[in-house]
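With chain D held as given, fit chains C and X onto it using these hints.
Chains as they are written, first to last, in full-length UniProt numbering: chain D, 1 to 218; chain C, 1 to 218; chain X, 1 to 218.
Worth double-checking, as some hints may not be accurate.
All copies of an identical chain are treated as equivalent in the list; a pair is satisfied when it fits inside any one copy or across any two copies.
Said to hold, decoys possible - With a straight-line Cα cutoff of 25 Å, these simulated SDA-like cross-link-like pairs (lysine to any residue) come out:
#1 K33 to L123
#2 K33 to V57
#3 K33 to N146
#4 K33 to L86
#5 K33 to D157
#6 K33 to Q11
#7 K33 to W154
#8 K33 to V193
#9 K33 to I174
#10 K33 to F78
#11 K33 to A205
#12 K33 to G96
#13 K33 to V148
#14 K33 to V95
#15 K33 to W209
#16 K33 to R153
#17 K33 to D155
#18 K33 to P63
#19 K33 to T13
#20 K33 to D177
#21 K33 to V161
#22 K33 to A65
#23 K33 to R156
#24 K33 to I74
#25 K33 to C173
#26 K33 to V10
#27 K33 to P206
#28 K33 to R207
#29 K33 to L14
#30 K33 to I164
What the hints contain is simulated information worked out from the structure, not anything from laboratory work.
Owing to the predicted nature of the structure, the values given are computational and were not obtained by experimental measurement.
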Amino acid sequence: MLQPLFTPSVQHTLDVIGIFVFAISGALLAVRKNFDVFGIAVLAEVTALGGGLFRDVVIGAVPPAAFTDLGYFITPLFAALLVIFLHPHVERIQVGVNVFDAAGLGLFCVTGTTKAFAYGLNLTASAALGLATAVGGGVLRDVLANEVPSLLRWDRDLYAVPAIVGACIVVLCIHYDALTPFTSGVAVVVAFVLRLLAMRYHWRAPRAWNRRSTVTEE
Amino acid sequence: MLQPLFTPSVQHTLDVIGIFVFAISGALLAVRKNFDVFGIAVLAEVTALGGGLFRDVVIGAVPPAAFTDLGYFITPLFAALLVIFLHPHVERIQVGVNVFDAAGLGLFCVTGTTKAFAYGLNLTASAALGLATAVGGGVLRDVLANEVPSLLRWDRDLYAVPAIVGACIVVLCIHYDALTPFTSGVAVVVAFVLRLLAMRYHWRAPRAWNRRSTVTEE
Amino acid sequence: MLQPLFTPSVQHTLDVIGIFVFAISGALLAVRKNFDVFGIAVLAEVTALGGGLFRDVVIGAVPPAAFTDLGYFITPLFAALLVIFLHPHVERIQVGVNVFDAAGLGLFCVTGTTKAFAYGLNLTASAALGLATAVGGGVLRDVLANEVPSLLRWDRDLYAVPAIVGACIVVLCIHYDALTPFTSGVAVVVAFVLRLLAMRYHWRAPRAWNRRSTVTEE
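Chain D extracted, bound-state conformation (with noise of 0.2 Å):
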């Protein structure tokens, strides 16, 4: 069995944080697209909560985490309060919010990963929930704003390759019997640090080869 990864206290804080900035990013391209303050909040709670809703669904963990614990419930609120009264400077501050978001991706494929395997997954079934963990929520968002999620973009810069780098570090560590606080501390860094040299120099992924055969550019 696996031993917990942090205190429940420590986790819990980290989750929470995570579950802030993802929020804020569901709430600005909400207000991005017109939506009133109903749409912003459920927006919000959408994007930092559907990444672990769907990995709690499909493994079993019934009812959810996002709905037993009040903290993460409310946390997604006072993100879209935020932003309702302050997005002007929100979006001012988009590189930080950005960096932000990069930590909680960090963090939400290595806490997914584990808790996927906890509950009896293989490494690689493990592996793929960490990734829809740390995407999940961000792809909810888009198909509900009605757009192409920007996972799937190739004109972005690489968001899936550092979750998966993130998750696979943790399922090596497992497998290996080496999954520690450090280990997996190490493993949200490599993550966290990929998204934001991603982001810097702006790494894209290839699309399909020979492609202009006969595709034409959209």
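Just chains C and X now, with coordinates in the frame of chain D:
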């Protein structure tokens, strides 16, 4: 433990009415989007059963009632048939449809909250799931029809707020041990009347404060 | 209790073939939408596994087979790789892909219905879930690609009907206690051939009656 609010047959009748009116709204959108008869049936089913399906999967009540009760499954097909053959008439009585839809909203937010609490969720989470039960089908309908969910748009009359108020009345009643068929009925009626007033007087929610400073109208 | 229809290894091989061809269709759409290689892989996975994932979550078979069987997870990645490097050739053999997709449709509607019944759902609900298994992945594919699901559009050849017929044959066989590998195979072949005929002769479903009276062409 909660007592059942209504006798099973009364509860079932109320549920079927709510499912029917939601299915009508899904089928009408499908006709407007030019879907074929199977698309109309699918959108009617999804709109009518989607909210309850989401709630049941989240609270672990599987298989969901939508798949175990034949009446829940047949009702949307009947609504789809009506719309396919009579949709000019159904559209002409759009006001009537809206009134029924408001009734479904009031009913589903109350029964959704009650069922979530009966499955062990805390009061806040129960209210959130009651809201999700009431509005979830409509959101799925709009996502499948490739439109921005009308729940989120600022230029639509208040829809979430009546459901939130109804769900909050239920959790307050639970908290003060006062949930009876009478108080539940009051919650249904309050949500219903609020939605009717919102449609009559075009109540809308504000958007983000100081919005125009950075965001252009779309 | 239902007997297993096929030996496990035969069943598994058939499943993997169905997953593979659905993944090809997801990956091809991703290339057309100009997604990067990770977007192509994600859309291949979602298209191939989405229908079965939905079915398993609804019937409470968690963790779903998509996450417990390594072969189910790897197969779509292989299909994505093929499309990334060979997509002009894959597109040239679109007819071949459509034939395989029809085979996957027939297979999934039968195995989906059988599995749902084995988990205790009634006959109607089992047929509905069989249909959802067969078409769910394609609907998720189109939603993520921000398009109206081709399942719902009137200008596409019949897709749901063959799956409905296949699922209905299975539940009739169950009802009359006649479900054997042979009758299941008949159901698969009937759905498969119906889909091929629908594509060959462009069978389409009608839209709502008297549609032009109030709705304009889009």
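Indices of hints not satisfied (ascending): Numbers 1, 2, 6, 8, 9, 18, 19, 20, 22, 25, 26 and 29 - these are the hints that the structure violates, sorted from lowest upward.
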